[in-house]
Every structure is written in structure tokens, then in C-alpha cells.
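Protein chains in written order, with the numbering used here: chain H, 5 to 278; chain V, 5 to 278; chain D, 5 to 278; chain C, 5 to 278; chain U, 5 to 278; chain R, 5 to 278.
Derived from the structure by calculation, the hints contain no laboratory data. Hints may contain errors.
Identical chains share a label here; the pair holds if one copy fits it or two copies do between them.
Claimed, not checked - Computed list of lysine-lysine pairs in DSS-like fashion (alpha-carbon distance at most 27 Å, straight line):
no.: 1; residue 1: Lys201; residue 2: Lys252
no.: 2; residue 1: Lys252; residue 2: Lys20
no.: 3; residue 1: Lys20; residue 2: Lys98
no.: 4; residue 1: Lys252; residue 2: Lys98
no.: 5; residue 1: Lys20; residue 2: Lys173
no.: 6; residue 1: Lys201; residue 2: Lys275
no.: 7; residue 1: Lys173; residue 2: Lys11
no.: 8; residue 1: Lys266; residue 2: Lys98
no.: 9; residue 1: Lys173; residue 2: Lys252
no.: 10; residue 1: Lys11; residue 2: Lys201
no.: 11; residue 1: Lys20; residue 2: Lys201
no.: 12; residue 1: Lys173; residue 2: Lys275
no.: 13; residue 1: Lys98; residue 2: Lys173
no.: 14; residue 1: Lys98; residue 2: Lys201
no.: 15; residue 1: Lys11; residue 2: Lys252
Letter by letter, the chains look like this.
Protein chains: 6
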Amino acid sequence: MFHHSSKLQYTVRVDKPDPQFAKLLQQAIGGIEGEIRVAMQYFFQAMGARGDDRIRNILMSTATEELSHIEFLGHAVALNLEGAPVTAQEEAAKDPVVHAILGGANPRHLLSSGLSAMPVNANGVPFDMSHVYATGNIGADMMANVTAEAGGRVLASRLYNWTEDSGMKDMLSFLIARDTMHQQQWLAILEDMGGLKASLPVPNATPQSHEATEHSYYYLNTHLDQDAPEGRWSSGPSLDGRGEFSVKAQPEPLGQVPSLGKAKPNSGAQKEQI
Amino acid sequence: MFHHSSKLQYTVRVDKPDPQFAKLLQQAIGGIEGEIRVAMQYFFQAMGARGDDRIRNILMSTATEELSHIEFLGHAVALNLEGAPVTAQEEAAKDPVVHAILGGANPRHLLSSGLSAMPVNANGVPFDMSHVYATGNIGADMMANVTAEAGGRVLASRLYNWTEDSGMKDMLSFLIARDTMHQQQWLAILEDMGGLKASLPVPNATPQSHEATEHSYYYLNTHLDQDAPEGRWSSGPSLDGRGEFSVKAQPEPLGQVPSLGKAKPNSGAQKEQI
Amino acid sequence: MFHHSSKLQYTVRVDKPDPQFAKLLQQAIGGIEGEIRVAMQYFFQAMGARGDDRIRNILMSTATEELSHIEFLGHAVALNLEGAPVTAQEEAAKDPVVHAILGGANPRHLLSSGLSAMPVNANGVPFDMSHVYATGNIGADMMANVTAEAGGRVLASRLYNWTEDSGMKDMLSFLIARDTMHQQQWLAILEDMGGLKASLPVPNATPQSHEATEHSYYYLNTHLDQDAPEGRWSSGPSLDGRGEFSVKAQPEPLGQVPSLGKAKPNSGAQKEQI
Amino acid sequence: MFHHSSKLQYTVRVDKPDPQFAKLLQQAIGGIEGEIRVAMQYFFQAMGARGDDRIRNILMSTATEELSHIEFLGHAVALNLEGAPVTAQEEAAKDPVVHAILGGANPRHLLSSGLSAMPVNANGVPFDMSHVYATGNIGADMMANVTAEAGGRVLASRLYNWTEDSGMKDMLSFLIARDTMHQQQWLAILEDMGGLKASLPVPNATPQSHEATEHSYYYLNTHLDQDAPEGRWSSGPSLDGRGEFSVKAQPEPLGQVPSLGKAKPNSGAQKEQI
Amino acid sequence: MFHHSSKLQYTVRVDKPDPQFAKLLQQAIGGIEGEIRVAMQYFFQAMGARGDDRIRNILMSTATEELSHIEFLGHAVALNLEGAPVTAQEEAAKDPVVHAILGGANPRHLLSSGLSAMPVNANGVPFDMSHVYATGNIGADMMANVTAEAGGRVLASRLYNWTEDSGMKDMLSFLIARDTMHQQQWLAILEDMGGLKASLPVPNATPQSHEATEHSYYYLNTHLDQDAPEGRWSSGPSLDGRGEFSVKAQPEPLGQVPSLGKAKPNSGAQKEQI
Amino acid sequence: MFHHSSKLQYTVRVDKPDPQFAKLLQQAIGGIEGEIRVAMQYFFQAMGARGDDRIRNILMSTATEELSHIEFLGHAVALNLEGAPVTAQEEAAKDPVVHAILGGANPRHLLSSGLSAMPVNANGVPFDMSHVYATGNIGADMMANVTAEAGGRVLASRLYNWTEDSGMKDMLSFLIARDTMHQQQWLAILEDMGGLKASLPVPNATPQSHEATEHSYYYLNTHLDQDAPEGRWSSGPSLDGRGEFSVKAQPEPLGQVPSLGKAKPNSGAQKEQI
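Make a model of the complete structure from these sequences and hints.
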């Protein structure tokens, strides 16, 4: 069960409102790198977590933290929109510089939300929940979470570089820090479960008899005109300790030429196909 | 530039066509765990890869392989739909067992595609390209790729368990094997670049001065009624070697009570808000 | 800032797991009548609420409650999926009745989520955040909230009728009750602000000079072959007390025949259009 | 059956074409507050209306009117795009002011539609039909319709404020007026059916025995640090006359700690979960 | 401006309601081959039609007809859902055959729409307006319209084959007929404008100087292991009379090896990329 | 099976990077007129092609070519983004002209992709695979392909007109040429199968007994106030040689007034409807 306290998790200060930056911040709320995504991803993973109950606990706890991130980011968007012109008669709206800035703002902040945050990304595309990655497999889910936090910290760093507002920089430095920890904690769960090597290949419970293991450790070079680049992936023991890496170049197809023959009568095809 | 040869990368054999299994296989084509996704993800990552040219090379090579996976899976879907009834007059359509099976099939395999594969998932929802994760940051992208392959191998294992068709099991054992290698190779790139620790936190180029590091290594326990579970994440050195893990329980908000005050006149609010 | 306690807001009990009912319950999680929607709608309305701070307070408080509803519904879905067959070899999977039931289940509960809830509706379509209605106008937002709760209570009633599981009926009777209160509380806010009449027309701050009031109170009958039905809408004082209802039948167009003339050269049109 | 006459329902005049305003107007066509939405919503409600045939009649009649609104708004978009530059060689395109304005225009008006309206919102996101709210319950549907018209009138008022073109202001004043009437008429239907109180809670046909009525009339305050605000919702008779409002603060969870135990073998989980 | 008469364009009769067929019929309403699509496509093409005003006239007229098709199909869906069980207590719901049929029905017809039509396809996926193809180029638009009607007639034929209800067969035979005419009329417009040859290549107004004509008439065979099949496309005069067809086999890339070099500092990349 | 060579199909040269043009080019990658669409459409059509194996061969070959188009367009986007400012501190970012240009750029090229291409259109909306038109009917599919290539050539022509960069013009002239050929080749397949007339109406295998042929050849004029325009569609032999065109004006409805009567008890309706 969820509870709320009325203060924000972290202080939000905007020294100089900037409607364009409000648009950019939306990526951190409703983008695939954003906070709705991680909040919902951890929430649904928690609800489906089977096995070690500590993991469900951590997932739900961090889902809750991410909800608080949405909350202060939403406030940051609204503060960046404070005072934006809403009529063509306002002095600001007649200023060509303001006009240019508004051209780069999200018009729906004016038209649809009344100068406040929306669950959309920096292009105004609404977040959709297909981005909640939750498989019921802890290995796959932890990887998905590291991915989400890595993307989130890339985004926060880019936003940090793009603003000169010290309040916004302060808030983003907090987000950068929390994304550091969240990357760490999901990897630490894998450590706790025996380490990355023991987790591989995900799912590690798939019996090797279900796997055509002769195809499990070669790198397939599909380029016709270049050799495979050499590196950790091209030779030496595999990372799960079950095989040896090799390279397969100029691969020959192993299968047949596909053909479906004639179409069935009454199947909606043209006469010529039947 | 791409080329094609007419044979499939791997043999596709269906001993007993099954329209319900055709529906399930669609998840491996058009699901977020599927082959369109990885093909397009590696393709777009390749086109945006900056730095070590070997990585662009590998990304494009494996994108090409994944296109071949779409191709043989598409053939598998069509073969599972061979002979399905298309009119109410056919004997098969009158068989209650067939009728029940068709109730569990995707009706658009009959109505829309003429008994062949579609770029949709097992619910018939079309794949959308927002699932192409490509940040321009190699660390984030490699994690996204491991995630995709982990999800893919979980799916292939579940499909393997759900069928009794030996041809389908054979094809899926090949997919399971290739998903093993692809998990390996993306992690091997991180190894090649100095190892996971050196990559953390992603992006590792963000200066620590941009980060409120006092918030970078504590696990935040937002539960009111439970202590934080102990584990690798709650104490000891952080995984990037830059800090020490700790736990922050019963966290107090650090920010203000948010309030936006009155609405601006002419902003479309109610009189009572202005 | 959000907090969490480890128990569910309400008890979830499933006497007899039913994968088909798990699919139906998804509508209450990820449907437009579902809990993700109201949680996020009230959350974003709260973040954009200007004027009376009590309203922001109530919106955030109820958003928090709705998050708890997602949580127990998610548990209900997982419990309905407990024990569902995951391999073709299981006895249950060979039972024709079970087979028929699984044909009516969501295959992604098996393939994608590992037998747990997903943020999708009963068709497996992911929720998308465009359904978060939040205009910054309290009148419009309260109406949107009554609408959401009315739809939610219709859905909960239909689910209640469709199950015979006493645990599920108990849980749904709680949801029906809370949807009653939530309908009430949003209307009560309008009462508190002066009543529905005073709120109309939304936005009530739009000056009448911006309105072609000669068109504000007639019902337009666009049927060619039927008179307008008579009722409260066709005569008598308008509900906002500003006008008198009337009927306009067989309406004549007030505007011009539209024509755009020739296409511009170099605009990508055919020669014949230029 | 539908018919058409060649003139527009209302005159459209654009004194000074403005590609940026063309982009904003798209919200009134393809936004969730727009005309496609109400046209389709009333149309589908009409097709599913059971009970009093007057309501089906009104729904279809007003659906037809909304189609006419799409038509004149579409013409308004095209007229705002008249003369926009389509090649980099045109003088206008070289004017920095025009260039800035075009930066704020929808590039697909140039690239995709050939300078005419599209069924998208002001961000260029296509309308999707999930926003057609039609439950088969007249109470829920009328509320949804008031919501749609309230949102529509908020939008039309904001557009009115944002333009200085007298032709556009005239057209928008007509839309504001019709949105007034449409808010009125849907509420008038509820009046006609016995009034709002008799309609509550929606659906009013749900037996009270299906409802855990001990939870039906308390406001739940989930804030840990603030008392519930007092108002019409916190005490006194409920709006449906069936209960008394009260406040429940510091709510205790009523349910269990959820736990799903181990994962099933062969379910695609990690070994550690089984 | 639109008008309505209260009768349907064509009689709808359902001899034996069938909830599964109701689901299939949804494809003809909300599928990409369905009536919402053509109604909206012709409507938006009409609003953007420049040049010959007859074409705008025909587009709007046929858009109006397609709205009438939505209307009678919506009625057909509702009639197929008449009497479907809505509670688990009904006798019908306990019948295993009915149960199996309902497993193959759209659960949202029960849960969300109250036994009536929805603007979704046979998978329950809502129609989205990105499928409104309207370019402002008459040649491209007419082709898009023939495509839509061809897809529509394929679908109607498949539905016709799948039902044994004589009322439904009668209604579908009308749709098949109208789709015949609509294919004809869009092609007839091209005839009227000088014939298909004169329209090619679309847009026929693009100057040949904008085209690398040495690449305009060869068929590119990208297969490595098969010769190009011979046919009308491989030799002889081109269909626009401007060139000669030929085949280019084993094509060599004409471009460079792409490389983007290092990433920019502060661009969110890993250190290793900079 | 697919293969790759490391060079691009065609040279990409950008003389003067332009982030706004990078945004426009996205339409040619991820728009409905773009290359992802045709690549995937031909790919899925190939996988479902029944009948003449030459057609499958051509479809797959051209799908492969379109993948190469994505590749060089993706490179063109990245080159247009080369050197764009990524921090507010850069000189360029402070230049008002650059600032205005960036206001018209896609912010996600900066925030999400690290200055490279994305699978989105010029509005930043991701491509979704519902636009893969593949019916299993060769006639319908070839029409869909001509439509796609006509739309593609319209787009390429508009992009050509909008840029002054000679490298971009050169690349676009190649695309314009290939779109010419692709329009030709899909029509040539219809020629090869007997010509357009023999293909009509699609599907040509539908028996005339399934068609209410008395409705197959009249143009329906739904305008109340205008006569049907005369032209090839209004009189003379039909294009399939099976009938005579005529005009039906002032059409009378052929069907009934629809009414659904009362709602079923327990179906979630209001009391007044039952």
C-alpha cells in the first residue's frame, strides 16, 4: 500500500523559467529513458517476482522512489512554464525572441495542460506501457533495469549540459546520483545471486538439451567484404564458462528455399495464385 | 549495403500445423522480445556508433543475422497455418475441436494476412519502433542488447516448452543457441573496453562534479514497515569502486511543499482558480 | 514524496485460479477504465493544479490510493494464473477443457510475463498515457474524473457479475465501493466551488464576448427525416441560467463552398493540379 | 445514413495565413479535445445506445454536427498554410522571420499533406480511437461527453486568445458557443432521466449487495503529514443521498503481505527462483 | 456540412447472433481494411484537394457513403452480440460450447462496450489515424484509395466465406459490390486525368533534372544465388514510356564505408568513444 | 538469408550540416512514406506470397534494397547533425540563429540518440508496423506497393526542393529514381499477370454470386445540393468490363431504422435503460 507526504523528495528551483527547457525535461518524465517507465517497470516486476522475497521488496521500494522523481520533475516543468505568454496580446508574445523560443516549445503545454507537465516525451508523444519490461525472470529483469538506469543517466547528463540554470543543474545532479545507485543496486542483486557468470545465459535454468549448442558460441560475420573484427568475442573461453568463442565467416544458409505453393481457394487470393 | 540469398538461415519444419502456435510464434517476430526489435535496434545503433569502428561492424553484422531470423520465423508461422479452414463450409471448420482451436488463433491470420506471418505480437498488437533502444552511448547500448537477448531467450525457452512439434523444437533450439551467443558478444564488448566496472556508472564520461555524490551510493528504503533487506547492495564497496554502499531508511523529504499559486488570467482555467 | 508499506490495501483471495479471468481483470489495471489511468490522471492533475491548494492535496492523496489499487489487482492477476500449465507435457495442458480455457487466456501471461500482471487491457493492448486527462482547468478535470470513476464502476460491476469466485467478488465489492466514493468526491469539489451551475460552461472564465452566443443554446437537429426529440434540452432555461434552450431543425449551412484552387508548383502535386 | 451538402456549416476566413497557427489548430481536429474524437464518440455511443430511443437520436444528430466541425476546421488549417514556401529558393524561405516561423510549424504539413489538414494533434501525433469512450451505460457516457466538451471549450478558448486573426477569432467564437450547448445538452439528458442525484453512483443499477458499502463514503487521506482538507466531501450527506461522508486518515492496510513463492519449473525463470 | 437520415443505408439482419463473428466484423469497422479508414481518408483528401474541383466533390461524397457503412456494420456487431451472457449465473454461460465460443470472443464487447461495436480491429487494437493516407497529390491519393478498397474487398470476401448466416452474407454481398465500384471510381479518375501512363511516375510534375535517371529503370537483383526472374519488369519499354527496363545483378555498392569518427565530448557517450 | 557489405549503396555527402534538415529526413526513414515501411512491407509480403514464385523472389530482392536505403539515409541524418552544439556553453549555442535552428530541430536527436538517426518520422513519432500492408492477395499487395512508392517519391521530391545542399540533392535524386523504378516494377507485375483490367475487381477470384452486382457500378452522390460531376466514372463501360457505370443521386436508405431495445439486466447499464 502506498502513502504520500506533502513535500518533494528533492528541492526544485528554477531561476529563469524556460519553456523550451520544459519541453526537454518532458523526456525525463515520459520518455523511454524517463521516470514513469522505471516506476512502472519496477512496480510490475515486483508484483510478478517469484523466489527470493528480498528482491520483490527492493523492486517495490525503488518503484516508490521513482514515483517521487516524477513528482519533482513535474514541478520543474511547471516552474519552467511560469509566466509564459498565453495570449497574443501580451508584450512577451510580441517579442521576436520570445516568439522564437515559443516556436521551440511544446504547444500543448499552452493548449492542453495549462502550463504544466504531461506524461509525454520531448516530442510530445505519450508514454506507452509496452516499455514496462517485466519477464518474471530475475536475470532478464535486472538487466532491463540496468539498461533503463543507464539510459536515464545518459539523458540526465545531456540535460545537465544543456541548461545554465543553477537550480535545474542542482536537481539534475541529484538525479544523476540516484541513477548511479540504481545501476549499482540492480547489478548488486545479480552479484548476490552468484555473479553475472552464474546468471548466464539467461535463463540459466534452460536445460542444455534444449539448445543446439554447436551454434552457441560462434560469432557470425555476415559481411561479405570484411573480416570479423577481433576481440574478446572472437576467441577464448565464453563468459559463462561453458564454451569457446569462435568466428564463422561467409556463412552458408543451413535451411531450404522457402515456398508456400498455391493459395487455397476461397482464401481471398487472386485467381492467378490458386 | 544488404544482399540476400534465397535459402533460409536455418531449416524450418512443421510436422503438424497448429494455428494457435502460429499465434504464439508471432511474439518472437513482432513482440518486444522478438526479432524485428533486435534487427532494428542493432541496425540503428550501428548507424549511430561513434568511436571504435569494430563495434559498428559487429552491430551491423548481427543486425543482418537477425533479419534472417525474422525470415525463417515468418516461414514457420505460415507453415503452422497451412491448411487452416477458410470457409465455414469446410469439414474442419465444423469439427468442434478445430473450432475451439481457431477460437484461440489470431483471427487476422485468416482475415488480414491470408494465412501468413504479420509484424505483430501474440496479442496481434503491431510492433512499434519506440522499442529500438539506441542512445549513442556504447555502455547503455550494450546493456540494452543483453536485455533484448535475455528476453528473447526467455521467450524462446517458453515456446520450446509449449510445443510438441519436433520441427518447431529443432528451430527453437537454434534460436536459443544464437541468443546465448548474442548475450555473450555484447557483454564481451564491454569486457573488451575494460570490463563492466570500468564502464560504470554509465555514462562513465560524466564528470563527478555533475553528480551530487552524497546521494550516489545509498539504498533508499521507502517502506514504512520493513527494514531494508541486506545484501551486496546494502554495504561494502560499490561496484564501480568509487564509493561505499549504505542504507537510508525512513527517508525525510529534502524538498519543499510544491504550490503553483493562482492560474494566469486567460489561461483557460476556471474563475475560481484565478 | 511517496512511501510504501508492505501489506496490500485490501485482501486478495482467489479460491480457484482462472487464467481467463486473469485476462479480464487486466482491463481493470491497464484499460482506459482501469487503475493506472486514474492513478496517473490524478497525479498529473495534482502537479498542474493552480488555485485552491486543497484540490491539489486531494488529487495527490487519491492518486496514491489508486496506486494501491493497481497493487492488489496485480496480485489478483498473478493468483489467478497460479498453477497454469507452462509446458505441453503437463497433464493439465492435455485436458481439452484446460486447452479451451487457455485458448481464451492471454498468451502473453505465459510467454512474456511469467504468469503475472502486465500493464495492458483485456485485449493485451498496453495502456498509453494519452488517456491522462489533465487540462489545468478544475471544472474540466473534475468532470474527467467523474467520467473515469463511472467507467471504472461499470467495469467492476461487470467483472463482479462474470465471476463466481467469492474471493474475487469480495475484492471487486471493495473496488465498487471506492469508485462510489471517488465519483462523489470529485462532484463534491464542484459543489464546494459553488455548484455545477456556477461551473458552467467550462471554462466559466471565458468572457461572453468571445462567444457567438446566438449559437450557444440551440439544439441542432441534423436528421433530415425526424423531428428533434423533446426533452429538457429542447426548451426552457439553460442549465447555466444564461439562456433559453431552443431547437434548430433542417439547418442551412452558414459558410461557403470551400475550394483551394490550384496547387503550388513544386509542392509535390501532379501536373494536372497545378 | 449520412448525407452532405457542399457548403461549410460556418464561414472560414483567414486574414493572414500563419503556418504556426495551422499547427495549433490541429489540436482541435486530431487532439483528444478535438472534433474527430467527439464525432466518433457520439457515433459509437449512438450505435450502442439501449433504452430511450431519443438518446440514440440525439447522439447521432450531434455526431453529424461534429463531422461538420472537422470539415470547417480542416479548411481553416489549409487556408493558414496557403502560400507557405515549399522550396528553399523562394524569397520567403530566405527571410529569417519566415524561417523561424517555419521552425515552429509542423514539417509534415509541408512534407506529407501538401499544405492541408491532417488527423493529428498539435504535436503531430495521430488521433487514435481508444479515446472513443462508449460504455453502453448512459450515465457514464453522458459524463464522458460533458468531459469532452469541457476540454474542447477550454481548448477553443486558448486558441481564441492565441490568435489575432479576426477570421479565426470569429470561427472560434462559433466553436465556443457550440461547445457551450453540447455541455448543456448532455447534462440535460441526465436531468431528463431524473437528475444527477438519481444517476449516482454510476451504474445506478448495481445492487448495493454487490458493494462493500462500509467503504463507500469515506475520503481516504493517504498523506502522512497533512490532515485531510475539509469541504463538501469530508462530512455531511453524500451526493446520492445513500450515505454520510467521513474521513479516514492514516489508513492501515486491510490486506496481506503479498508473496508468490517459488517460480514453477520450466516457466522461464532463473534457477535461483525455482 | 453533413446531414443524417434515421434509416440505415442497407438492411442488417442477423439470423443467429454469434459473438465470435462480432469480433471478426470489427476488422471491417476498425481495421486498416475497414470503413473508418476509408471514410476518414477520403474526408481528409477532400479537404486538401487542389486542382479539379470535381475530385474534391467525389471524395467528400464517397467519404459520406463510408460513414454510412460504419453505421450499418456497427449495428451488425450489436445484433451479433444480442443475448450474449453477461453473468456467470446464466445457463448459457455454463454451457461448455458457449463458454468455448466466448473464449474466442472479444472480452471488451462484454466488459467495455456493453455488447456493441467499438472502433477497434479483430484483435481489439484501436484504429489510429496514421492510416489516413492523404498526400495532396491526386495520383498518390487515388492509388492509396484503390489499395484501401482492394484490401476492403479482400476482407469482405473472407468474412463472407466465414459465416453461414444468410443475413450477414446479404450485407457482405452489398459491401463487396460497393468495394467493386469504389475501386473502379478511383481508377476512373486517373483515366479521366489522362490515364495511368500519363500519371507516372507519381508525382509526374517532378522535373527529370531532379532525378538520377540512369537509376530509374533497372530492376536491382540483390540475391546472391539467383538470377532475376524474367517478366514485364526486366526488359522492354517502361510503363511511363520514358525508358527501357533492364536488370542490374550482383550490384556493387556505389557509396563509401560510413564512419562517424569520435563522439563529441559532453555528448553523453562513454569515455572510450571520445 | 541476408548478407551485408560494408559500403553504402549510394554515396552520402553533406556539404553543410543542418539539424533541421536532419529532422525532415527522418520522414524518409520512419514516416509512412519512408524506407522502413517499404522494406518491411515487401519482406512480409514475400514471406506470405503464394502462387508464382517469381513474385516472392522480386519482393524479397526489393525488400533487401530498401534496407540499404535506410542505411544511407541514416548516415545522412547523422552527417546533418555533425557538430551540433550539445552544451549551453558552446559558442554556437549562444548564437541566436543557431538557437532558432535548434528550436526547429528534433530535441531527441540531442537527448536520446546522441546525434544520429532514429526510427521516427519528422514529428518524432515512432514508426509502427501496422503500416505493413500484406494481404496475401497479389493484386491488393501490388497496389499497396505502388501507393507506397508514389508516396515515397512525393516525399523525396519535396525534400529535394527544400534543401540547397548539393550532396543531399544528389542523394535524393537517386531516391527519386529508384522510386520511379519501384512504381514501375509493381505495376509491371500486374501487367505480367494479365493487366490491370484482368486483376479487377480485387480479389478477382470472388465469385460474382457473392456480390450484389446491382450495386457494383453506380456512383453514389450523397450531396444534397450538387449534381454528381461527370467523368469517366459516371457513364460508359466499367474498367473491369463487367458492367456499365451510372449515377445514383439523392439515394434513399435501403435499410431499417436501427434500435437495440432495452439493455439486459446486469449488463452494467443504468436502471433507466433496462
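Hint by hint, here is what the structure shows:
1. Lys201 x Lys252: within (24 Å within a copy, 30 Å between copies)
2. Lys252 x Lys20: Neither: 58 Å inside a chain and 33 Å across chains, both beyond 27 Å.
3. Lys20 x Lys98: Cα proximity of Lys20 and Lys98: in one copy and across copies (19 Å, 16 Å).
4. Lys252 x Lys98: neither (65 Å within a copy, 42 Å between copies)
5. Lys20 x Lys173: So Lys20 and Lys173 pass the 27 Å test inside one copy only (12 Å; across, 32 Å).
6. Lys201 x Lys275: Classified as between: cross-chain Cα gap 13 Å, same-chain 57 Å, threshold 27 Å.
7. Lys173 x Lys11: Within. Shortest intra-copy distance 20 Å satisfies the 27 Å Cα cut-off; inter-copy 37 Å does not.
8. Lys266 x Lys98: Answer is between: at 24 Å across copies they meet the 27 Å cutoff, but 67 Å inside does not.
9. Lys173 x Lys252: Cα proximity of Lys173 and Lys252: across copies only (24 Å, versus 49 Å in one copy).
10. Lys11 x Lys201: neither (43 Å within a copy, 35 Å between copies)
11. Lys20 x Lys201: neither (49 Å within a copy, 38 Å between copies)
12. Lys173 x Lys275: Classified as between: cross-chain Cα gap 22 Å, same-chain 67 Å, threshold 27 Å.
13. Lys98 x Lys173: between (30 Å within a copy, 18 Å between copies)
14. Lys98 x Lys201: Neither: 62 Å inside a chain and 37 Å across chains, both beyond 27 Å.
15. Lys11 x Lys252: between (59 Å within a copy, 18 Å between copies)
Of the numbered hints given earlier, the model fails hints 2, 4, 10, 11 and 14; all others are met.
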